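Protein chains in written order, with my numbering: chain F, 2 to 347; chain B, 2 to 347; chain S, 2 to 347.
The set of hints was computed from the structure by calculation and includes no laboratory data.
Don't take each hint at face value.
Chain copies aren't distinguished; within one or between two, either way the pair holds.
[Unchecked claim] List time: in silico SDA-like cross-link candidates among lysine to any residue, alpha-carbon distance up to 25 Å: (1) Lys190 <-> Gln300; (2) Lys80 <-> Ala189; (3) Lys331 <-> Glu19; (4) Lys333 <-> Val320.
Quick caveat: nothing in here was measured; it's all calculated off a predicted structure.
What follows is each chain in one-letter form.
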Amino acid sequence: MNEQTYTLSQLADYLGAEARGEAHTVVRGIAPLDSAQPEQISFLDNPKFRRYLAGTRASIVLLGAQDVAHCPTAALIVKNPYYAYAKVAELFQVTPNYACGVHATAVLGPGCEIHPSAHVGAYVVMGAGVSVAAHAVIEAGCILGDRVQVGEHTRLYAHVTVYSGVRLGQRVIVHSGAVLGSDGFGIAKHQGHWHKVPQLGGLSVGDDAEIGANTSVDRGALQDTVLEHDVRLDNQVQIGHNVRVGAHTAVAGCVGIAGSTTIGEHCLLGGGVGVAGHLHIADQVAVTGFSGVTKSITQAGVYSGMPAQRDVVWKHNMVRLRQLEKMADKIKLLEQQVAALLAEKV
Amino acid sequence: MNEQTYTLSQLADYLGAEARGEAHTVVRGIAPLDSAQPEQISFLDNPKFRRYLAGTRASIVLLGAQDVAHCPTAALIVKNPYYAYAKVAELFQVTPNYACGVHATAVLGPGCEIHPSAHVGAYVVMGAGVSVAAHAVIEAGCILGDRVQVGEHTRLYAHVTVYSGVRLGQRVIVHSGAVLGSDGFGIAKHQGHWHKVPQLGGLSVGDDAEIGANTSVDRGALQDTVLEHDVRLDNQVQIGHNVRVGAHTAVAGCVGIAGSTTIGEHCLLGGGVGVAGHLHIADQVAVTGFSGVTKSITQAGVYSGMPAQRDVVWKHNMVRLRQLEKMADKIKLLEQQVAALLAEKV
Amino acid sequence: MNEQTYTLSQLADYLGAEARGEAHTVVRGIAPLDSAQPEQISFLDNPKFRRYLAGTRASIVLLGAQDVAHCPTAALIVKNPYYAYAKVAELFQVTPNYACGVHATAVLGPGCEIHPSAHVGAYVVMGAGVSVAAHAVIEAGCILGDRVQVGEHTRLYAHVTVYSGVRLGQRVIVHSGAVLGSDGFGIAKHQGHWHKVPQLGGLSVGDDAEIGANTSVDRGALQDTVLEHDVRLDNQVQIGHNVRVGAHTAVAGCVGIAGSTTIGEHCLLGGGVGVAGHLHIADQVAVTGFSGVTKSITQAGVYSGMPAQRDVVWKHNMVRLRQLEKMADKIKLLEQQVAALLAEKV
Numbered sequence: 002m003n004e005q006t007y008t009l010s011q012l013a014d015y016l017g018a019e020a021r022g023e024a025h026t027v028v029r030g031i032a033p034l035d036s037a038q039p040e041q042i043s044f045l046d047n048p049k050f051r052r053y054l055a056g057t058r059a060s061i062v063l064l065g066a067q068d069v070a071h072c073p074t075a076a077l078i079v080k081n082p083y084y085a086y087a088k089v090a091e092l093f094q095v096t097p098n099y100a101c102g103v104h105a106t107a108v109l110g111p112g113c114e115i116h117p118s119a120h121v122g123a124y125v126v127m128g129a130g131v132s133v134a135a136h137a138v139i140e141a142g143c144i145l146g147d148r149v150q151v152g153e154h155t156r157l158y159a160h161v162t163v164y165s166g167v168r169l170g171q172r173v174i175v176h177s178g179a180v181l182g183s184d185g186f187g188i189a190k191h192q193g194h195w196h197k198v199p200q201l202g203g204l205s206v207g208d209d210a211e212i213g214a215n216t217s218v219d220r221g222a223l224q225d226t227v228l229e230h231d232v233r234l235d236n237q238v239q240i241g242h243n244v245r246v247g248a249h250t251a252v253a254g255c256v257g258i259a260g261s262t263t264i265g266e267h268c269l270l271g272g273g274v275g276v277a278g279h280l281h282i283a284d285q286v287a288v289t290g291f292s293g294v295t296k297s298i299t300q301a302g303v304y305s306g307m308p309a310q311r312d313v314v315w316k317h318n319m320v321r322l323r324q325l326e327k328m329a330d331k332i333k334l335l336e337q338q339v340a341a342l343l344a345e346k347v
Numbered sequence: 002m003n004e005q006t007y008t009l010s011q012l013a014d015y016l017g018a019e020a021r022g023e024a025h026t027v028v029r030g031i032a033p034l035d036s037a038q039p040e041q042i043s044f045l046d047n048p049k050f051r052r053y054l055a056g057t058r059a060s061i062v063l064l065g066a067q068d069v070a071h072c073p074t075a076a077l078i079v080k081n082p083y084y085a086y087a088k089v090a091e092l093f094q095v096t097p098n099y100a101c102g103v104h105a106t107a108v109l110g111p112g113c114e115i116h117p118s119a120h121v122g123a124y125v126v127m128g129a130g131v132s133v134a135a136h137a138v139i140e141a142g143c144i145l146g147d148r149v150q151v152g153e154h155t156r157l158y159a160h161v162t163v164y165s166g167v168r169l170g171q172r173v174i175v176h177s178g179a180v181l182g183s184d185g186f187g188i189a190k191h192q193g194h195w196h197k198v199p200q201l202g203g204l205s206v207g208d209d210a211e212i213g214a215n216t217s218v219d220r221g222a223l224q225d226t227v228l229e230h231d232v233r234l235d236n237q238v239q240i241g242h243n244v245r246v247g248a249h250t251a252v253a254g255c256v257g258i259a260g261s262t263t264i265g266e267h268c269l270l271g272g273g274v275g276v277a278g279h280l281h282i283a284d285q286v287a288v289t290g291f292s293g294v295t296k297s298i299t300q301a302g303v304y305s306g307m308p309a310q311r312d313v314v315w316k317h318n319m320v321r322l323r324q325l326e327k328m329a330d331k332i333k334l335l336e337q338q339v340a341a342l343l344a345e346k347v
Numbered sequence: 002m003n004e005q006t007y008t009l010s011q012l013a014d015y016l017g018a019e020a021r022g023e024a025h026t027v028v029r030g031i032a033p034l035d036s037a038q039p040e041q042i043s044f045l046d047n048p049k050f051r052r053y054l055a056g057t058r059a060s061i062v063l064l065g066a067q068d069v070a071h072c073p074t075a076a077l078i079v080k081n082p083y084y085a086y087a088k089v090a091e092l093f094q095v096t097p098n099y100a101c102g103v104h105a106t107a108v109l110g111p112g113c114e115i116h117p118s119a120h121v122g123a124y125v126v127m128g129a130g131v132s133v134a135a136h137a138v139i140e141a142g143c144i145l146g147d148r149v150q151v152g153e154h155t156r157l158y159a160h161v162t163v164y165s166g167v168r169l170g171q172r173v174i175v176h177s178g179a180v181l182g183s184d185g186f187g188i189a190k191h192q193g194h195w196h197k198v199p200q201l202g203g204l205s206v207g208d209d210a211e212i213g214a215n216t217s218v219d220r221g222a223l224q225d226t227v228l229e230h231d232v233r234l235d236n237q238v239q240i241g242h243n244v245r246v247g248a249h250t251a252v253a254g255c256v257g258i259a260g261s262t263t264i265g266e267h268c269l270l271g272g273g274v275g276v277a278g279h280l281h282i283a284d285q286v287a288v289t290g291f292s293g294v295t296k297s298i299t300q301a302g303v304y305s306g307m308p309a310q311r312d313v314v315w316k317h318n319m320v321r322l323r324q325l326e327k328m329a330d331k332i333k334l335l336e337q338q339v340a341a342l343l344a345e346k347v
């Protein structure tokens, strides 16, 4: 964290928030509600943590109007405390200082166009005809194939690999170890031997997307794989060829999406979810963690289980499963009673 | 894609296919049936896409004899349209031009033998005694440990890591971020503390294998981990130590195979499948996506579920599960009826 | 393997083991029981392999007292044969020879402190203020951000990425492709658009930890993500932000642990396990492979299934599931019998 300090009134102005408490209350850092110290700001978003509010040592707390009555400290009242926390955290962020220009050790192919305000780090390697727009950052050790396009303010952390022809929009963030535009898994069996299907499509990543560490996104077989704008992928995610992920969709860690599947906009895929190939998932679909989606989903809503189904149905089935033991007992009792009734008849 | 054009008769010759339509019909690209434009060739393999045939704008369609009657355009009749598509896609592939020789920035240990026709890219690092055979390609930023062997025409994309002693056959393709020959997960507990078990074995990868982006394959503990020839691994796959994967087996994305398991030949593991350690999977076994294999499989066939079982059995169980609600209702009705019968007796 | 030879009596001294057989029996290698050759040592730990003992061709076998009567060869009797095997394997390990000093091609930021006994390989890149302690090894192509701390005897294999501020203890091993300290997946939705939550915390890795190939461990949002000492992570593992993994806990391949979860000490997570966020897992908990932990676990023991439950309960449920067919048959029979009884009444 940097050493900046902020007062309650400064932060109220910055956030457009209503302030309660002494306007000159100072904070110089940010911390969780239960571990914050004086001169730190904290936030209350998840109701689970409401129990920490009364005892917090923070100097200021970001919270919703419903919680201000129970706040023992100065407060900033906001509609979305989690978003306000994100905005305040930005104030305490140390922004690394990337020198403009291309490091002397970078190896660039013919015809690369690097904007003078961009940063290209040590041991970066680029093929032919790569374009890097203004204020983009290509950290050390990144490798970009021929004709890769990097938009303005886009940032590749160290050790990102981008295959030829991939297009990255503006303000995209790609974390280390990510591989973008690798060949899709296309193989055709012929006389008992696999034959590789050339992957002629590309990969297009929209503005404001973020791609996590060690995530891989394949290029298309014939057309492009597409991550629309504001798509957010966590770490260790695998996106197959020809997939399209809709705008504002967030994908948690360890998710795999098989080839040619389309995910709608504003979807949420929980950790470890798998989505089979050639499916269509509607907008506004949430799939809870560890679920496996094996059929297309045509309606917004929450889905769970393996195979994934409406969350309420799945929860109901889970309850039934836990009652199997009781069902077996009931059947046994019925068998005894019916046997007795039948015996009487004789 | 490159700008080559091909006529119907040229493609018929190339594929050994029967042609229907004007011999001089020209194509200059390849696209899916529903989005193809005039002067593009397309293909019909998956029956799901048959509905697009009548309306396709493609100039030529690759298809089986059963579909030709409904094809509105020129056609090439083949036994395996998917394989024919792969062959035609090769014609439109841009083959990157790798200069022979070792880039000036590559750092090679003593005793490396690099064939003059091989390509070694910028910032490649090799240990001692590495051998790289004719026409092999080691792209930028690859790191190869001591005594690694790379066969003819084998291609490592950028940022591949190969630990010491690993042997790669001919025509192997390894995608970026893959790690080959890392230590297996061998730990022995002693007095409450883990003790690392040295991993003394190696890793051998057969001819024509393909290994996906960010996939990891561990070296053996005492003997070699083995991928036989024509094994195909997708992205984000994890292969534990001492595993042997049989020839022509294909493994989809996000699969994990635990240590000392043997997979047969011509197997198919769907996306996200897990296979426990110390198992033996027979030849010709297919495991559907998201399944967990916890016991050895001794017979060819299709297996599904967690734990994995014969696919027909699993599907049957899934049906039963969906009927649990009805079973509970039936039990309730029986209880009422039996109670009534018992009450009458009194 | 190196070419060292050892006698039975030397090994007995080294291990503190009781020897049976000719003291001058020589071994020059180590191999599994069923494939060992003369002049190799083997071991019997897993009772599954007891059947190979009578026929082994090994010259010496490491085993427990209960097996010595059936051993046809010289033997070393130990309490923990697997640990003894690890110790003997160390004798046959080829220790790579890392030259002290910083490779001429390494690019170091200002204020880095590299101990003269440390090894820094080709094309390593470090930010400002990095410290590397005595005997540490940073292999080729590693990239370390600002202020990273590397403890004594810690070893980073090739292509490891360490984000700024991460602290690694002593004797830590990190395998290739691992990414340490990447941003956690923190996003806040605001007016339909995701807003990135700055990840201001760090990552601390304790002494003797091992981190597998292509594994990713995120930095904390406000405080540190922590791997305590002797934590062992296999390949392709994902650890979310703010997670704490307790000492001596081992995590198998392809496991994902979501953010803000605490795992106790001496836990074992099997391959492919998922753990949801904001949970607390007690000490001494084992979770079997492919399970999904969705609730906190407050008591030591073995847990299985999705959602994870006590292993005995889960196994019981699995048995019941397999009996669903029979339950349906019983209900059908009861329905017929009751219908007959009811019909008689009329």
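Can you list which hints this structure breaks, lowest number first?
Number 3 only.
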